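Kindly generate the complete structure, drawing on both the sequences and the hints.
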Amino acid sequence: MSDQSDVNRGRRSLVIAGACAGGAAAVGTAVPFAASMLPSERAEALGAPVEADIGQLVPGEKLTVEWRGQPVWIVRRTQEMLDGIKRIDSKLADPKSERKKSELTPEYARNEYRSIKSEYLVVVGICSHLGCSPQDRFKAGPEAFERDWTGGFFCPCHGSLFDLAGRVYKNKPAPDNLKVPPYTYLSDTRILIGEDKKGA
Amino acid sequence: MAAAEKQAVTGAGPFNGLLTWIDQRFPLVETWRSHLSEYYAPKNFNFWYYFGSLALFVLVIQIVTGIFLTMNYKPDAAQAFASVEYIMREVPWGWWIRYMHSTGASFFFVCVYLHMFRAMLYGSYRKPRELLWIFGMLIFLCLMAEAFFGYLLPWGQMSYWGAQVIVNLFDAIPVIGPDLAIWIRGDFVVSDATLNRFFAYHVIAVPLALLALVVAHLLALHEVGSSNPDGIEIKKSMDPSTGRPLDGIPFHPYYTVKDAFGVVVFLIVFSIVVFFAPEAGGYFLEYNNFIPADPLKTPSHIAPVWYFTPYYSILRATTDEFVLWALAPGVVAFALLIIWSVKSSAPRIAVGVTAIVLLLGLLTLDAKVWGVVLMGASVMIFFFLPWLDRSSVRSIRYKGPISKSAIALFVIAFFVLGYLGTESVTGGRTLAAQIGTTVYFLFFFLMPWYSKMDTTRPEPQRVTWK
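Sequences listed follow chains A and B, in order. Be aware that the first sequence starts at 1, since it is given in the numbering used here, and climbs by one per residue. Be aware that the second sequence starts at 1001, since it is given in the numbering used here, and climbs by one per residue.
Honestly, the hints are just simulated from the structure, not real lab data. A quick note: this is a predicted structure, and the numbers were derived from the prediction, not measured. Treat the hints with caution; some may be incorrect.
[What the hints assert, rightly or not] When the alpha-carbon atoms are kept at most 25 Å apart in a straight line, the in silico BS3-like pairs for lysine-lysine are as follows:
1. B:1297 <-> A:139
2. A:62 <-> A:139
3. A:96 <-> A:170
4. A:197 <-> A:86
5. A:91 <-> A:117
6. B:1466 <-> B:1235
7. A:179 <-> B:1297
8. A:62 <-> B:1297
9. A:101 <-> A:179
[What the hints assert, rightly or not] Sample of chain B residues lacking proximity to chain A, with all beta carbon distances greater than 12 Å (derived):
10. 1035
11. 1082
12. 1101
13. 1188
14. 1331
15. 1355
[As the list claims (entries may be wrong)] One-sided and incomplete, this derived list gives chain B residues near chain A with beta-carbon spacing under 7 Å:
16. 1186
17. 1295
18. 1296
19. 1319
20. 1366
21. 1425
For glycine and all other residues, C-beta sits at the position ideal for the given N, C-alpha and C.
Below is the structure:
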């Protein structure tokens, strides 16, 4: 190492300034590379709303439509299913859908059944834990994962449970209820998923 | 000129002239000597010492077979699955190359896990080999990344949903998580963009890093010298006349021959799997991955490939109850233990503050976040082994009953977690995974105490060798 007194101060300052400028340029150059990994315009444009015809849906059955590459479930709930939803609030993590309201539950779904019409549940079928798609377990009765099961969804990946309003059970890996997408009724048998009101 | 002063190469018969010409322009003889013919390794290496060279051999298999797979594979969501089937059914010997690659992935992890376990048994990570161990751990991380990216490429159901789950782990990070996950995927869901970039990582980015790290690992090894089953330094007993370790033998030819024998045995086992059981009962190639990816339907049973299952079990074990009844009390107990053990006040305050911050986090953030944190910690904690182990001896041979029981319990926990990670979730299995997770972490967190208080036997002066 050179002695401190030997250092050419002016040259040392230039070296430091040069290194800083080079470093800043390197960081700046990294920005376009990082930005190139963001979703492209084309990927963003694919988020258009989709229409679903629910005229053929029998009570107790489910219809799956694809919206933004994700499954959206429409379940026509029977009276028995709706009664089940009413009596299990104490087992749920967020029975009143109060967490992340603006993101998960649009205003018109902030009710007991998390839906516009109580008969039809519309939710994105992606678990709020790590993004698996839960399975239907509509039949009420004892299950391996829950003795007093009133029907709902079971996530095979990590065992999260959701009731028939898409509300998550307590003490499960998933923190949040299933997301209710923006949707609106175009008529009694047609739902538009991805938009709140026509033209909005 | 220095080159002119170099001695001519002798003993290579007709090649003396050529080698001399090269050696005067490139450090050929010097490199050969310092890394092979005059690199002295302890003479008491045993069975466990095969796996380093075998891991290197599998890396070569993976690179060679990977190059040939790339010639026919198409990283396109619409064509990927079919191109893999094309390789399997129509490309001449394509099935063989692909099965070598898929079996090689599992064998890579077998070799690396055994290689790491060897280091844990004999304290190979202890001073002065900390950096060697850290390079090794970085190789392990790269290997995990490589396996994960590669697993998406066949675009089967397990590829798709496995990637979905792992990318969503980043989504759990508070504040930046959701945007970070979108940036990683390049889309709002796992899609063609994701497949394309994972292909880029798998075939170029990660392999380059992996190769560089392997070089660094070997350079660090040859700088400090190999450890051995007795965990003592052979450099302490030098032959005064030659200046070489008394218990050392040249790596070449002694260990090159030994490792070549290991490669032959390895190839026998490897070939049996490649030719007769390439799916290994669903453990090497999962059955659900023979179904093309379907973004609307998760397979009824999803599990990662076997080498990731212990960490996956830890992720699944982290429920609200586990956070409240195990992690929160664990943080308090551990903080008190450190405060009691450390005598000066500055570290005590630091530990106290950290514990309070952690407790606040445990009680406010989702269990999902902590599951991801624990899973990350379960891998990262290996980095700290050189500083956690405070035993007066390195090798398990001279350690006492506490250390021996601890490592036995750790291995059991690792296997139990690994098994549970392949199974679906039930209440009983979750509890078992929670116990396994606790044992797993206690092995590391309590090591500074139990390794120090344990009774040890004196290390020998020279390596034990029959």
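Is the nearest Cβ of chain A still more than 12 Å from the Cβ of residue 1188 (chain B)?
-> The claim breaks: residue 1188 (chain B) does not keep its Cβ more than 12 Å from every Cβ of chain A (closest is about 6 Å).
Given the hint that residue 1297 (chain B) pairs with residue 139 (chain A), does the C-alpha gap stay at or below 25 Å?
-> holds, 20 Å
Satisfaction of hint between residue 179 (chain A) and residue 101 (chain A), Cα-Cα up to 25 Å = With a Cα-Cα distance of about 10 Å, the restraint between residue 101 (chain A) and residue 179 (chain A) holds, given a limit of 25 Å.
Taking only the CA atoms, is the gap from residue 91 (chain A) to residue 117 (chain A) under or equal to 25 Å?
-> holds, 24 Å
Are residue 1366 (chain B) and chain A close enough, Cβ to Cβ, to be under 7 Å, as the hint says?
-> holds, 4 Å
If you take the shortest Cβ to Cβ gap from residue 1186 (chain B) to chain A, is it below 7 Å?
-> With a closest approach of 6 Å, the residue 1186 (chain B) hint holds.
Since residue 1101 (chain B) was said not to touch the interface, does its Cβ keep a gap of more than 12 Å from each Cβ of chain A?
-> It holds; residue 1101 (chain B) is separated from chain A by about 26 Å at its closest Cβ, greater than 12 Å.
Interface hint status, residue 1425 (chain B) versus chain A (Cβ within 7 Å) | holds, 3 Å
Agreement of residue 96 (chain A) and residue 170 (chain A) with the hint, judged by alpha carbon distance not exceeding 25 Å = Measuring from Cα to Cα gives roughly 13 Å; hence the hint holds.
Is the shortest C-beta separation between residue 1319 (chain B) and chain A less than 7 Å?
-> At 5 Å from the nearest chain A Cβ, residue 1319 (chain B) passes the 7 Å test, so the hint holds.
Quick one, is the residue 1296 (chain B) hint okay against chain A at 7 Å, beta carbons?
-> holds, 4 Å
When you check the alpha-carbon spacing of residue 62 (chain A) and residue 139 (chain A), does it fall within 25 Å?
-> holds, 13 Å
Violated hints for the displayed structure, listed by number in ascending order: 4, 13.
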